[in-house]
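Q: Each chain, written out:
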Amino acid sequence: MQRLIACLLALGVALGGLALAQDPPPTHGGSVTVAIVADPPGWDPSASTSQEIPRVVYHNVFEGLVRFDSAGEIVPALATDWSVSDDGLEWTFTLRSGVSFHDGSDFTVDDVIAKFERAMDPDSGHTNAAYYAAIESVESAMDGAAVVFRLSEPSRSLLYNLARPDSIIYPAGTHETQRTQPIGTGPFRFAQYVEGSEVRLERFEGYHQDGLPYLDEVVFRIISDTNARFAALQSGDIDLMAQLAPEQYVQADANPDLQASVGAATAEITVAMNNAREPFSDERVRQAITHAIDKDAIVQGAMFGLGTVIGTHMTPAEAYYVDLTDTYPYDPERARELLAEAGYPDGFTIDFELPEPYAIERRSGEVVAQYLRDVGIDVNLSVVEWGTWIERIFLGRDYDMTIIGHSEPRDINVYANPSYYYGYDNARIAELLAEAEAAGSAEEETAAFQEIARIIADDAVNVWLFSSPFLVAAQNDVHGFWTDQPTPNLNMVEVYRAP
Amino acid sequence: MLAYLTRRLLTALVSVVLASLLVFSALLAVPGDPAALILGMNAQPEALAALRIRLGLDVPPAQRYVAWLGGVVRGDWGESLQFGRPVAALIWARLGVSVPLALGAALLACLIALPLGIWAALRRGTATDPVVIVASQVGAAIPSFWLGLLLILFFAVELRWLPAGGFPGWERSVTGSLRALLLPVLALGLGQAAVMARLTRAAMLDVLAQDYVRTARAKGLPMRKVIYEHALRNALVTIVTILGLSLTNVFIGSIVIEQVFALPGLGRMALTAIGNRDFPLLQGAILVYATTIVLLSFLVDVSYGLLDPRIRYA
Numbered sequence: 002m003q004r005l006i007a008c009l010l011a012l013g014v015a016l017g018g019l020a021l022a023q024d025p026p027p028t029h030g031g032s033v034t035v036a037i038v039a040d041p042p043g044w045d046p047s048a049s050t051s052q053e054i055p056r057v058v059y060h061n062v063f064e065g066l067v068r069f070d071s072a073g074e075i076v077p078a079l080a081t082d083w084s085v086s087d088d089g090l091e092w093t094f095t096l097r098s099g100v101s102f103h104d105g106s107d108f109t110v111d112d113v114i115a116k117f118e119r120a121m122d123p124d125s126g127h128t129n130a131a132y133y134a135a136i137e138s139v140e141s142a143m144d145g146a147a148v149v150f151r152l153s154e155p156s157r158s159l160l161y162n163l164a165r166p167d168s169i170i171y172p173a174g175t176h177e178t179q180r181t182q183p184i185g186t187g188p189f190r191f192a193q194y195v196e197g198s199e200v201r202l203e204r205f206e207g208y209h210q211d212g213l214p215y216l217d218e219v220v221f222r223i224i225s226d227t228n229a230r231f232a233a234l235q236s237g238d239i240d241l242m243a244q245l246a247p248e249q250y251v252q253a254d255a256n257p258d259l260q261a262s263v264g265a266a267t268a269e270i271t272v273a274m275n276n277a278r279e280p281f282s283d284e285r286v287r288q289a290i291t292h293a294i295d296k297d298a299i300v301q302g303a304m305f306g307l308g309t310v311i312g313t314h315m316t317p318a319e320a321y322y323v324d325l326t327d328t329y330p331y332d333p334e335r336a337r338e339l340l341a342e343a344g345y346p347d348g349f350t351i352d353f354e355l356p357e358p359y360a361i362e363r364r365s366g367e368v369v370a371q372y373l374r375d376v377g378i379d380v381n382l383s384v385v386e387w388g389t390w391i392e393r394i395f396l397g398r399d400y401d402m403t404i405i406g407h408s409e410p411r412d413i414n415v416y417a418n419p420s421y422y423y424g425y426d427n428a429r430i431a432e433l434l435a436e437a438e439a440a441g442s443a444e445e446e447t448a449a450f451q452e453i454a455r456i457i458a459d460d461a462v463n464v465w466l467f468s469s470p471f472l473v474a475a476q477n478d479v480h481g482f483w484t485d486q487p488t489p490n491l492n493m494v495e496v497y498r499a500p
Numbered sequence: 546m547l548a549y550l551t552r553r554l555l556t557a558l559v560s561v562v563l564a565s566l567l568v569f570s571a572l573l574a575v576p577g578d579p580a581a582l583i584l585g586m587n588a589q590p591e592a593l594a595a596l597r598i599r600l601g602l603d604v605p606p607a608q609r610y611v612a613w614l615g616g617v618v619r620g621d622w623g624e625s626l627q628f629g630r631p632v633a634a635l636i637w638a639r640l641g642v643s644v645p646l647a648l649g650a651a652l653l654a655c656l657i658a659l660p661l662g663i664w665a666a667l668r669r670g671t672a673t674d675p676v677v678i679v680a681s682q683v684g685a686a687i688p689s690f691w692l693g694l695l696l697i698l699f700f701a702v703e704l705r706w707l708p709a710g711g712f713p714g715w716e717r718s719v720t721g722s723l724r725a726l727l728l729p730v731l732a733l734g735l736g737q738a739a740v741m742a743r744l745t746r747a748a749m750l751d752v753l754a755q756d757y758v759r760t761a762r763a764k765g766l767p768m769r770k771v772i773y774e775h776a777l778r779n780a781l782v783t784i785v786t787i788l789g790l791s792l793t794n795v796f797i798g799s800i801v802i803e804q805v806f807a808l809p810g811l812g813r814m815a816l817t818a819i820g821n822r823d824f825p826l827l828q829g830a831i832l833v834y835a836t837t838i839v840l841l842s843f844l845v846d847v848s849y850g851l852l853d854p855r856i857r858y859a
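Line order of the protein sequences matches chains A and B.
Sequential numbering from 2 applies to the first sequence in our numbering.
Sequential numbering from 546 applies to the second sequence in our numbering.
Be a bit skeptical, because a hint or two may be false.
Stated by the list, open to error - Looking from chain A toward chain B, a few residues come up when the C-beta cut is under 10 Å (computed): (1) F102; (2) S125; (3) A130; (4) A173; (5) H176; (6) Y194; (7) S198; (8) E199; (9) E203; (10) S236; (11) S383; (12) R411.
The set of hints was computed from the structure by calculation and includes no laboratory data.
Being a predicted model, the structure only gives us computed values, none of them experimental.
Backbone N, C-alpha and C define an ideal beta-carbon position, used for all residues, glycine too.
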């Protein structure tokens, strides 16, 4: 069944490609209105790790030295090309010349240096300092036409991390105001923000890539209620809506006024277990729980078949994906045996807490609870509000079991952190991560990542249910939007309107 | 009358302060760290600690509350943790949506409910009365958010006459803003009208059964005169109470309606502020809500005195 879904998805992607080939030629001008779910906590992707920020501003408003394209490839942005020394310790990026920021100032090597000195300083408030841990110094080269990163050890993830939203560059010394008044080098400048209502981006005339963007204006409208959001799309108030519920996708697909697509995304819907707490500290219990759950049925029942069953913390959208769905297949009989072996022949009682804002997780969690009850585990289901989830479950690690989508790409490194909310402590993971980082080739790097994926799957750290697809729908005259999500981003740079 | 007014005003003030204290304590009791919500899931502990200090969250709660209250007295409502902008400005902008919405819905409810209720009371015992009763029963039973969704599906999705939600802003488009408020006002006002119609009918029936109405009719006064000069005037005390209550209901009900229609109103902002543990913003919103509700009940009390001399001289 799961192969069939994979085939259907592949077919969908192929058809999407065909449709793209038939797109009318791009036209300039016009405006597109896009629905978003909530006010992000500010607009600076290097001040908060909230994924709602890059959805709006990545590439649209802010660029880094390099960026991801719609296929997830790393392509030039503020750097035109780059090279690395033979020992892997010196990376040189040639800077694009003649680039200006939205405030009219010129983009120079000083902006790059200021940015990464802040990123490397743990007290600066910059996000994810670990991404820049290998960097020892950032220096100007070739009279400011290039920048050199000197590393303490080779880093295979450096380029990837430089493409992340955290690595965007803005004018030196403006980080205090970027949260409320973003100024970047992207094709759109931040024109107006009405809290709780909408964000308006306007075409930046001085954009360094000629001919882009196509649109004069993009409006991101904040509509938190999912029904209201979809109604706005159906009524034509909204031109584009991503993160559709599966049933909304089915409806949009059947609507002749709308186009809908199923794309790849990097979100793993994960039933997280507190490995540091009984009874989950017993590996057999975790294996039993994995055996107890029919993931295929959940994808069919809760997702209308829109999703790919996974067996570890990786999605088929990622380069080093390995299929481990057969590690502990659906087998309730085996689950009961394992529970008995672990000393729980009559099961036990656990609290299973579902995060209120996430409908797919809530829905899937309800089905999971039923499967667990079938093998004798007494499940207390409850819904927790988001602030509580972050504080008590995620940061406080005070929980039995919860469910959440981990949407960031390339985030298997969290299993190396024993203080992460999974409570999983295995020193081997950190060793393998270091191996991947120092790998001499892409194959070696992939091998190390896949080894991590195997270890955590064998240890049944969590139950990885499925990778949830990127479901997007738009009015028929909107073209050029991303149908996959290699990184969370509503990319409007090449979007245009044409009947 | 003056002593009465002073006493009522003082009670009102105490109620508002108590409401703000209650909300502040309630938010402290539930888990949730504004800094963690701002910095996101992968925030580093150092960054969290630094932001807590910047937001003033390292200060003991009691001290924070007193500082906030002191600020309010001086006219400084503080700064929103999430938006980094003055709370007063944020609230002021939201009132431009919430106040017209609430007033529009209350007005619509009165325009429908008062005539309908009086009419039904007068036609008691005929076939019309039960029709009005059943209709208002159904109207009162339909939740406003559901009615809102139905209205959106019909007028926005099917007919495409009106927007499904959102708000362009008064300064950008007055007609656009009015159009954006039309469906929300309907969704909020119709349910309220149903409740009010039932209460008006009951109040009117009550008065019509009084001895002085029978006497007035017995001495041969025309029915019109009996209704307008004797019955309605006396029913007004009850009707004004209903009106005050319904304004409060509409103001509270707008929280849900703003969510359904994606209106940037005060209610939706308060909900977001709760979700983000944005203490200063929520405190400000609650202050406005509490003041409004207390003020409305105060106005109702004062109007009793105007409508009914017995209350004034008591």
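Q: If a hint holds in the structure, say so; if it does not, say that too.
A: Do the hints match the structure? See the list:
1. Checking F102 of chain A against chain B: minimum C-beta separation of about 21 Å lies over 10 Å; hint violated.
2. Checking S125 of chain A against chain B by beta carbon gives a least distance of about 9 Å; that is within 10 Å, so the hint holds.
3. Annotation: A130 of chain A was flagged as interfacial toward chain B, and the flag holds, the nearest CB pair being 6 Å apart, inside 10 Å.
4. Using the Cβ-Cβ criterion of 10 Å, the hint placing A173 of chain A at the interface with chain B is not satisfied: the shortest such distance is roughly 20 Å.
5. Because the smallest distance between the Cβ of H176 of chain A and any Cβ of chain B comes to about 13 Å, over 10 Å, the interface hint for this residue is violated.
6. For the restraint placing Y194 of chain A at the interface with chain B, the shortest Cβ-Cβ distance is roughly 9 Å, inside the 10 Å limit, so the hint holds.
7. The beta carbon of S198 of chain A comes within 4 Å of a beta carbon in chain B, closer than 10 Å, and the hint placing it at the interface holds.
8. A hinted interface residue such as E199 of chain A counts as satisfied when its beta carbon comes closer than 10 Å to some beta carbon of chain B; here the least separation is about 7 Å, so the hint holds.
9. This hint is violated: E203 of chain A has a C-beta 15 Å from the nearest C-beta of chain B, more than the 10 Å allowed.
10. For S236 of chain A, the interface hint holds, since its Cβ comes within 10 Å of a Cβ in chain B; the closest pair sits about 4 Å apart.
11. Proximity of S383 of chain A to chain B is violated relative to the hint, the smallest CB-CB distance being about 14 Å (cut-off 10 Å).
12. Hint on R411 of chain A is violated. Least Cβ distance to chain B is approximately 12 Å, over the 10 Å limit.
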